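Full structure from sequences and hints, please.
Heads up: the protein sequence lines correspond to chains A and B, in order. When we follow the working numbering, the leftmost residue of the first sequence carries the number 1, and every step to the right adds one. When we follow the working numbering, the leftmost residue of the second sequence carries the number 1001, and every step to the right adds one.
No wet-lab data here; the hints were simulated from the structure. Keep in mind that this is a model prediction, so the values were computed, not measured. Some hints could be false.
[To be verified] Pairs of lysine-lysine residues, derived as DSBU-like cross-links and limited to a Cα-Cα distance of at most 30 Å, are as follows:
hint: 1; chain 1: B; residue 1: Lys1027; chain 2: A; residue 2: Lys2
hint: 2; chain 1: B; residue 1: Lys1190; chain 2: A; residue 2: Lys105
hint: 3; chain 1: B; residue 1: Lys1004; chain 2: B; residue 2: Lys1089
hint: 4; chain 1: A; residue 1: Lys109; chain 2: B; residue 2: Lys1082
hint: 5; chain 1: B; residue 1: Lys1027; chain 2: A; residue 2: Lys109
The chain contents come next:
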Amino acid sequence: MKVLIIDDAITVRIMTQAFLKELGFSEIHIAENGMEALEILGHLGRVDLILVDWNMPLMNGLDFVKEIRKDPQFSEVKIMMMTTENSMDKIVTAMDAGVNEYMMKPFSKDILADKLQIMGIKQ
Amino acid sequence: MSLKASEFEFIAQLLKRESAIVLEAGKEYLVELRLGTLAEKEGHSSYHSLILELIKKKDAGLVAKVVDAMTTNETLFFRDLKPYDYLQKHLLPELMARPQQHYELNIWSAACSTGQEPYSIAMLIHQNFPNLVRQWNYQFYATDLSNSCLDYARAAVYNQFEVNRGLPIPYLVRYFAQTQEGWALKEEIKRMFAFQQLNLIKEWGFMPKMDIIFLRNVLIYFDVPTKKEILAKMRQQLKPDGYLFLGSAETPINLDPKFKRVDTDLNVNCYQVLP
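Below, the structure is given as structure tokens:
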């Protein structure tokens, strides 16, 4: 199970990675923004799950999602937005762009675990 | 000054008498926390003075508040997910496919706390079985011992943490409105369940026989004789082909041999009464 975490905040990247490891995930890749994530995915070829922040420099999470969903190779990958954006219109915008789930920050390991279960993701 | 042994014993006995809930040794921190909050609300300097007042005076109102404070329990939307998957993919379709005389469906969420369990059931049914909502005679009950929990459930306005945990995002978008006070559940879902107070160890009052009962993560608070008593009453409350859902770590097998586990590939803790 390959996971890609995309977030410009190092604390969030470290915490999310730690949670995922505790939940049994071992192959975790990291990117600091959408642009870097696209490069990494170009090399990796396939991932099973992408956790993406919204507000990032160079390419934000929403634009990343729109871009990645254009690629048939990534049209089915599970994508969850994880963000401090907590308004209904932002949630709807993200869903329209193609996210499978949406997790508001701050979140706990339990919240992350529940969201993974909702998406049918098992380590 | 921390909680005295005599104070803990007094509260434990009060809870057992009023609700049959067993407060085990090691739970002193819970008494300090919950009664500390209540003491402040009631204008006491500490939980010690609150407990002293309880000992001195027979104040039914204060007793009820203490029981309420001690029995408020955590709940989540779509807790453990599997029971809801089973409900959606197997149980409800099978139930609806049976030859029907009355097109009736009765569901009871028997320890509903702040409402997330009954509302999860309601959203699942509303989303996936619209014909049931439109055409069937359904009676959905949600009960709890705690009036403060029931008030919260009836208001159905949840904070970010509560909707972030366990609730699939399509349900949030479809069935909630974002307000100043929080995430407010829409009327079409709220009105599907009738909320009322009920003490599982006392008289239940009239309710119809149930097709489905959710009694999840509440038996753990009772001693064995009380668990047996409640399960026996649940058997009486179920229709012959009805279903009882328990929490994922619970079983009635050693307590009531008249229940059998429903065989599912989802490993769901669901039981039926033996014929």
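Structure-based check of each hint:
1. With a C-alpha separation of about 42 Å, the suggested pairing of B:Lys1027 with A:Lys2 is violated against the 30 Å cut-off.
2. Distance hint between B:Lys1190 and A:Lys105 is fulfilled; the C-alpha atoms sit about 27 Å from each other, no more than 30 Å.
3. Restraint check for B:Lys1004 and B:Lys1089: the C-alpha separation of about 52 Å exceeds 30 Å, so the hint is violated.
4. About 19 Å separates the Cα atoms of A:Lys109 and B:Lys1082, which keeps this hinted pair within 30 Å; it holds.
5. Simply put, B:Lys1027 and A:Lys109 have alpha-carbon atoms about 25 Å apart, close enough for the 30 Å limit, and the pair holds.
Violated hints, listed in ascending order, are 1 and 3; each of the other numbered hints is respected by the structure.
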